[in-house]
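Residue numbers (my numbering), protein chains in the order written: chain A, 2 to 340; chain B, 563 to 992.
It is possible that some hints are incorrect.
[Stated by the list, open to error] Some, not all, of what chain B presents toward chain A, calculated at C-beta under 10 Å:
no.	residue
1	V647
2	I657
3	R714
4	I770
5	E902
6	H905
7	L950
[As the list claims (entries may be wrong)] DSS-like, lysine-lysine: derived pairs with alpha carbons at most 30 Å apart:
no.	chain 1	residue 1	chain 2	residue 2
8	A	K156	B	K668
9	B	K781	A	K156
10	B	K668	A	K142
11	B	K709	A	K93
[What the hints assert, rightly or not] What the simulated footprint calls covered on chain B by chain A, stretch by stretch (three residues with Cβ under 8 Å from a Cβ of chain A suffice, anywhere in the stretch; the number is not a length):
no.	stretch
12	675 to 685
13	928 to 940
14	965 to 978
To be clear, the hints were calculated from the coordinates, so they are not data collected in a lab. Source: prediction; values computed, not measured. Think of the CB as a built atom: it goes at the ideal place given N, C-alpha and C, for glycine as much as any other residue.
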Amino acid sequence: MPAPSTTEAARRNRNLCAIGGGVLLVAVLALLPGVASPYTLTMILPVFAYAIALLGLNLLFGTSGLLSFGHALFLAIGAYAAAVMTGHWGVKSLELVLLGGIAAAVVVAIPVGFLSVRYTRIFFGMLTLSFGMLFHSFLIKFYNVTGGDTGMSVKRVRLLGLDLSHLSRVEFQTGPLYYYALVLVIAATLLMWRIVQSPFGLHLRAQRDNARKAEYLGVRVHAFRLAAFVLSAAYGAVAGVLLAVRSGNADPELAYWTHSGELVFMTVLGGFASFVGPLVGAFAFIFLRDWLMGMTEFWRLAMGGILVLVVIFVPRGLAGLAADATTRLRNQFDLRSRR
Amino acid sequence: MKGQHTRGVLRRRDVIKGAGAVAAGVAVTGFPAIAQNTSLKIGILTPKGGIAATAGENGLRGCQWAVERLNKAGGIAGRKVELVVEEETNAQQTIERFNKLVLQDKVDMVQGVVSTGVALALGPVVEDSKKLTIMWDGTTQDGVTEKLPDARYCFKSTDNECEAVMASLLAIKHFKGKFKTIAGINPDYSYGRNNWAAFKAILKRYGIEYEVVAEQWPKVGNMEVTSFVAALKAAKPDLIFSSLLFADLPVFMQQAHAAELTKSSLMVFPAAGWQHTSLKKAFTPENMLFGHNTLYFGHPNPTPLQKEFVDWYVGTHKDYPHWEADRAYFAMESYKTAVEAAHKAKGGWPSQDDVIDTLKSGIKVQSLGGPGWFRKDNIAEQTFIQGLTTHKNAYDFCTLSTFDTMTSDVLQKPAGADFWKWIETAKFPV
């Protein structure tokens, strides 16, 4: 058996490091309820939800080169699906609610995606923004159906068939729901990793880099973009269900363009070029906003300033910054070893 | 400001004094003395940005004035009050801020919340957190249906439709026989839709014949109202009913004036008091039915409390307060009164349940705009003021030439009642 080349060895090392880092992170998150305050844990739940949404969004943005400005649409669909299923249909199982949310998002994503993926860049962004705002208008206007501005309430759900109604909301969120969401994040991350590394992911990257060339090579550009769009919508719906179950409410603000903007902000903050960037972005955004809201009433201005600074000085986001620092350290270490 | 302990409410000297008292208390009586000598932490949730920012600011000023005043008088049952202010934004984020106040800042109780959309989502969280919360202007009504009828910890404002019911009654009182065609321009959310529906239902109840010639639904806070004004002008209504209350109201009024709608139509605006200083004489007509809700700053015979507050507000902020200041004052005063009554009855610091039971008992307080209390179902009863506008005053905006005062027990449905059925059978004062 021939010895592995230097490149292969380096890749293997990188993968081992990534797996090790991932396992360590999961272990830390799993042990967190034992040490962190209930408030911190309630703040991590939306991090999990947004991490899942951003994994989907980055399949479009980072992998496929399509920046959606209306992705909040699918989070809202997931949230409202949870409200309808738990409130009107009496469904208690979170698993069924998740499936229902995904199904609703897929049904909407197919026609929306079919129309949108024929365009790229600003045109794709504007189209997705339009569809998002169309849904927001529907939620506001048809208030007899959707609850209008006040939204719809989401009832307490069962996890894996377990009735946990005896737990207080905080106990439920910082215990069973926390671990449930953590498992969902892990599953969503592994699945997305597999998708991105598959030939399908390769096709998406190829059409991102040069759509015409990819088409010449046999890549069905529109079909692959549509598949990515539908997948990202499903991820968004899962996030929407989690957010709604956590707050007990689905409201039209979830579909509003500013929420879509926040999703893009999180992705840029974390680094869209990196697979883990969106996960980092979700964490950084939620805790940064929480900190700034406690510091100043001008937190929106501060968040805007930070976004400007990130785009100018750290275009690869926090994950890119961390990757650069790791590379620099590794190079210094290698240099010292050779000496 | 947010998240900070409000400046002036608790000073370093007060803290040192408090610490000394705590130390003395511990030395003499042991650990339980801490409960009575430490300051009371009250969390505040109020809008700081967006269309409700001015209302939030007005409420916060009313709340801070109440706290400064009661701290000067020795606090609540001997404990100084310290405010922890967080921002009310959308439902999801406000729940996070509420969690922060309760879980991290460990406040003794929470006050605030202006939006019913937020309150509706927050209500169940409050109940689940078992933390006494008194809302300024938020209800837990989905439309006109109470969604938290058995609330224990969550105390809510008067129903949103109170001002519409009062305006409808006064429209009949002042304008009966002067209109046949009516038009509505109301914000496109449940508040606007229910107010308009309530107005029509009350006209029907009193056998007033009317024809609706236009119904306009601008988006909340939408500043571009040209097309709506044009539609109203084309409809030529005898009377216009509007629940506009955000910054879009002055814009609408200017354009309505330019289109001469203010000359040709009677105007009924139950919630205009939120924008009272922006509704200038130059474009706001006289004899318009104008709702000041629970605080009319220009009351010709104010209570000493209202006079003191309005003088302070004008002197400090060079502005004139509206009802959100009263709602905030009412929340603080209700809590203070209930704690002190329970403290007196118990002979020691009361538990949260004692305070809640006292609030539920209907203990009456004097708020800035008049008396108020809470019903057994945790819904507030307050005093409402509406009247006809005049230009005869020293300001550049309208005040009231004549007005009526009603308590909300005749303006809102009783506990458990259906709003629309109640309208059909209620005994109204007009």
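Hints breached by this structure: 3, 4, 5, 6, 7, 10, 13 and 14
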